[in-house]
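S.K.: Protein chains in written order, with this note's numbering: chain B, 156 to 268; chain Z, 3 to 114.
Check before you lean on any hint, since a few could be wrong.
Here are the simulated lysine-lysine pairs, DSSO-like style, with alpha carbons at most 30 Å apart [what the hints assert, rightly or not]:
1. B:K212 to B:K238
2. B:K197 to Z:K106
3. Z:K71 to Z:K56
4. B:K212 to Z:K71
5. B:K233 to Z:K106
6. B:K212 to Z:K56
7. Z:K5 to B:K212
8. Z:K106 to B:K212
9. B:K233 to Z:K71
10. B:K238 to B:K197
11. Z:K106 to Z:K54
12. Z:K106 to B:K238
13. Z:K56 to B:K233
Hints listed in this document are in silico derivations from the structure and should not be mistaken for laboratory results.
Just so we're clear, the structure is a prediction, and the values are computed from it rather than from any experiment.
Single-letter residue listing:
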Amino acid sequence: EPEVTQTPSHQVTQMGQEVILRCVPISNHLYFYWYRQILGQKVEFLVSFYNNEISEKSEIFDDQFSVERPDGSNFTLKIRSTKLEDSAMYFCASSDRFEHEQYFGPGTRLTVT
Amino acid sequence: LAKTTQPISMDSYEGQEVNITCSHNNIATNDYITWYQQFPSQGPRFIIQGYKTKVTNEVASLFIPADRKSSTLSLPRVSLSDTAVYYCLVGDMNQAGTALIFGKGTTLSVSS
Chain B
156 EPEVTQTPSH
166 QVTQMGQEVI
176 LRCVPISNHL
186 YFYWYRQILG
196 QKVEFLVSFY
206 NNEISEKSEI
216 FDDQFSVERP
226 DGSNFTLKIR
236 STKLEDSAMY
246 FCASSDRFEH
256 EQYFGPGTRL
266 TVT
Chain Z
3 LAKTTQPISM
13 DSYEGQEVNI
23 TCSHNNIATN
33 DYITWYQQFP
43 SQGPRFIIQG
53 YKTKVTNEVA
63 SLFIPADRKS
73 STLSLPRVSL
83 SDTAVYYCLV
93 GDMNQAGTAL
103 IFGKGTTLSV
113 SS
């Protein structure tokens with residue numbers, strides 16, 4: 156069964172550093188998403204991406220965040236200058252044109268120290 | 003998006019049927035009801051989606067009454083591996099690319 160993959164599984168960074176989280180969505184999917192989940196809290200939507208542009212973003216997704224699809228397979232989330240409160244599990248998801256179901260990756264645990 | 007209300011937690015024993023009810027009084031005509039499951043340290047996983055009446059798949063059943071103001075996820079004969087958080091989401095999810103808005107979900111604990 157096709158699946159979404161994410162790298163790295165765990166990233167530790169110092170406050171103020173830039174991080175890039177990587178995702179490989181399912182190959183025939185057209186819609187891509189990033190969500191995050193702070194430990195013990197609910198899953199929060201960050202951004203959706205379609206046709207090489209952001210289609211929707213939440214209030215969390217401020218100027219510190221950016222997304223990119225640098226090639227035909229990867230989808231990345233960049234946090235320009237990390238803060239302590241950015242520590243969370245970040246999930247990438249993808250979906251196709253016809254199905255409503257979003258397929259989530261295993262997540263990247265980001266720890267900002 | 004319609005607000006949903008579901009129990010914070012439920013306990014069950016192996017082999018029992020578990021029913022998790024979700025209230026969504028302000029559901030709109032175009033809204034569907036979708037349930038996701040999340041195991042610790044994993045991403046959410048789609049379980050089932052429905053619009054009205056009953057939907058069944060290999061994992062669960064979803065019962066939706068005629069007024070659609072609530073829905074019930076039914077898990078037949080649960081096992082220890084069904085211990086997870088279950089989320090009820092309501093929205094126009096027939097539109098491709100719709101953001102999923104998660105609540106706190108229901109934490110189901112299954113014991114032997």
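S.K.: All hints are to be evaluated individually against the structure, with a verdict given for each.
M.R.: Hints, verified against the model:
no.: 1; hint: B:K212 to B:K238; in the structure: holds (19 Å)
no.: 2; hint: B:K197 to Z:K106; in the structure: holds (5 Å)
no.: 3; hint: Z:K71 to Z:K56; in the structure: holds (14 Å)
no.: 4; hint: B:K212 to Z:K71; in the structure: holds (28 Å)
no.: 5; hint: B:K233 to Z:K106; in the structure: holds (27 Å)
no.: 6; hint: B:K212 to Z:K56; in the structure: violated (33 Å)
no.: 7; hint: Z:K5 to B:K212; in the structure: holds (19 Å)
no.: 8; hint: Z:K106 to B:K212; in the structure: holds (20 Å)
no.: 9; hint: B:K233 to Z:K71; in the structure: violated (40 Å)
no.: 10; hint: B:K238 to B:K197; in the structure: holds (19 Å)
no.: 11; hint: Z:K106 to Z:K54; in the structure: holds (24 Å)
no.: 12; hint: Z:K106 to B:K238; in the structure: holds (24 Å)
no.: 13; hint: Z:K56 to B:K233; in the structure: violated (42 Å)
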